[in-house]
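Place chain B on chain F using the hints.
2 protein chains.
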Amino acid sequence: MSAPVRRPGGRSAAVLTSIRYAVEELVRERGAEKVTIPLVAERAGVNPTSVYRRWGDAATMLNDIATYRLDPERELPHTGDLRADLITWAREIVEHYRKPINAALLRSGSASAGEEETECLRNRRTEGLAIVGEPAALSADELIDGLIGPLVYRVIYLPWTLDDELPVRLVDKLLRA
Amino acid sequence: MSAPVRRPGGRSAAVLTSIRYAVEELVRERGAEKVTIPLVAERAGVNPTSVYRRWGDAATMLNDIATYRLDPERELPHTGDLRADLITWAREIVEHYRKPINAALLRSGSASAGEEETECLRNRRTEGLAIVGEPAALSADELIDGLIGPLVYRVIYLPWTLDDELPVRLVDKLLRA
Chain F
9 MSAPVRRPGG
19 RSAAVLTSIR
29 YAVEELVRER
39 GAEKVTIPLV
49 AERAGVNPTS
59 VYRRWGDAAT
69 MLNDIATYRL
79 DPERELPHTG
89 DLRADLITWA
99 REIVEHYRKP
109 INAALLRSGS
119 ASAGEEETEC
129 LRNRRTEGLA
139 IVGEPAALSA
149 DELIDGLIGP
159 LVYRVIYLPW
169 TLDDELPVRL
179 VDKLLRA
Chain B
9 MSAPVRRPGG
19 RSAAVLTSIR
29 YAVEELVRER
39 GAEKVTIPLV
49 AERAGVNPTS
59 VYRRWGDAAT
69 MLNDIATYRL
79 DPERELPHTG
89 DLRADLITWA
99 REIVEHYRKP
109 INAALLRSGS
119 ASAGEEETEC
129 LRNRRTEGLA
139 IVGEPAALSA
149 DELIDGLIGP
159 LVYRVIYLPW
169 TLDDELPVRL
179 VDKLLRA
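Note that the protein sequences, when read in sequence, are chains F and B.
Offset between the first sequence (1-based) and the working numbering: plus 8.
Offset between the second sequence (1-based) and the working numbering: plus 8.
Since the hints were derived computationally from the structure, they do not count as laboratory data.
Treat each hint with caution, since some may be false.
[Said to hold, decoys possible] Some but not every residue of chain F turned toward chain B, in silico, with C-beta under 8 Å:
no.: 1; residue: Glu41
no.: 2; residue: Thr44
no.: 3; residue: Arg51
no.: 4; residue: Ala111
no.: 5; residue: Ala119
no.: 6; residue: Ala138
no.: 7; residue: Asp153
no.: 8; residue: Pro158
no.: 9; residue: Pro167
no.: 10; residue: Leu178
no.: 11; residue: Lys181
[To be verified] Between beta-carbon pairs, the in silico distance windows are:
no.: 12; chain 1: B; residue 1: Asp172; chain 2: F; residue 2: Pro143; range: 28 to 38 Å
no.: 13; chain 1: B; residue 1: Glu83; chain 2: F; residue 2: Ser26; range: 48 to 58 Å
no.: 14; chain 1: F; residue 1: Thr44; chain 2: B; residue 2: Gly64; range: 22 to 32 Å
no.: 15; chain 1: F; residue 1: Glu123; chain 2: B; residue 2: Gly64; range: 28 to 38 Å
no.: 16; chain 1: F; residue 1: Leu183; chain 2: B; residue 2: Pro46; range: 20 to 30 Å
Glycine included, C-beta positions come from ideal geometry on N, C-alpha and C.
Next up, chain F with everything else stripped away, as it sits in the complex (with noise of 0.2 Å):
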């Protein structure tokens, strides 16, 4: 495996990070359905047209900002015992979404999901691939059925549902099937 690659600090880090408290502050105050690019901008300081370059719009910037927390260049779990890595990297994720401001944008997100794959969908899925290992023990669509849905779909309509035993539990369905 190669070394993970690091995202470059310095002045873009920064821009970065205003423009995530700026979204997350406007989320919080006016409900991401009316959080705009000029809104974000303004909050954060930042030129508009970098905030359009980067997202092209509101609905994909949500999307992206609803997870950077899961940074898909994180470390993920690697101990050898798929269980234990399946269950600690599930509860990585129960635990984000358990935050109400994270659960917020990851709806916000859906609604304008469907046209194609979304990013966070597809870091997931490869996360999920990579604790897996090869050979591949589970296919993608086993962790997606399995693992990633039912916890997805509970982070939007079940939150209250999201405890530390849920990641156990699926798991250890998955692993049995």
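Below, chain B alone, put in the same frame as chain F:
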């Protein structure tokens, strides 16, 4: 089991039908996030008050309209063969949401979910448990994690994967577990 209660016909049914058509047209024309109750009332030729009285706000209205063809009072498959009945039921759901307009309405409804159970989720769970029957071979959580969750996840994020084999695959996995 008591006889299914039929919805009243006549004037209120006609009003409801014209509201549904208005919502579907407007969603197609301008996207769900721009559909408001006054717009719907105007298009349907009804008083906004009667729309507000029924649904309270646009998000609740969209959520409800998105699923009306899955009328909770329709007849459910009931052959005595649990696998066949669950597959028939899951296929109904898949067919419904293969229509882009229905998927779009589900997505827009999901943006405002999470405060309490949606009517749609409640209906699907009730139906699933009715098909499962007594003594329950499957719990509500098993239905959600094994069937409803993955189906709805794919409607939202991967609509092009809603093929005829998906219900079979999910039901077989659910019953094997």
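Hint check results:
A least Cβ separation of about 6 Å between Glu41 of chain F and chain B falls short of the 8 Å threshold, and the interface hint therefore holds. Against a cut-off of 8 Å between C-beta atoms, the interface hint on Thr44 of chain F is violated, since the closest Cβ of chain B lies about 12 Å away. Checking Arg51 of chain F against chain B by beta carbon gives a least distance of about 21 Å; that is not within 8 Å, so the hint is violated. For Ala111 of chain F, the suggested interface contact is upheld, since its CB lies about 6 Å from the closest CB of chain B, less than 8 Å.
Hint status for Ala119 of chain F: holds, given a least beta-carbon distance of 4 Å to chain B, under 8 Å. With a least beta-carbon distance of about 20 Å to chain B, the hint placing Ala138 of chain F at the interface is violated under the 8 Å criterion. Checking Asp153 of chain F against chain B by beta carbon gives a least distance of about 4 Å; that is within 8 Å, so the hint holds. Proximity of Pro158 of chain F to chain B holds as hinted, the smallest CB-CB distance being about 4 Å (cut-off 8 Å).
Restraint check, Pro167 of chain F versus chain B: the minimum CB separation of about 5 Å is within 8 Å; hint holds. Nearest Cβ of chain B to the Cβ of Leu178 of chain F: about 6 Å, under the 8 Å cut. The hint holds. Interface hint at Lys181 of chain F: satisfied, since its Cβ lies 5 Å from the closest Cβ of chain B, which is below the 8 Å cut-off. Our hint of 28 to 38 Å for Asp172 of chain B and Pro143 of chain F holds, since their Cβ atoms are close to 29 Å apart.
Between Glu83 of chain B and Ser26 of chain F the C-beta distance comes to about 56 Å, which sits within the given range of 48 to 58 Å. Distance hint check: the CB atoms of Thr44 of chain F and Gly64 of chain B are about 26 Å apart, consistent with the given range 22 to 32 Å. Taking the beta carbon of each, Glu123 of chain F and Gly64 of chain B are about 30 Å apart, inside 28 to 38 Å as hinted. Checked against the hint of 20 to 30 Å, the pair Leu183 of chain F and Pro46 of chain B fails, with Cβ atoms roughly 52 Å apart.
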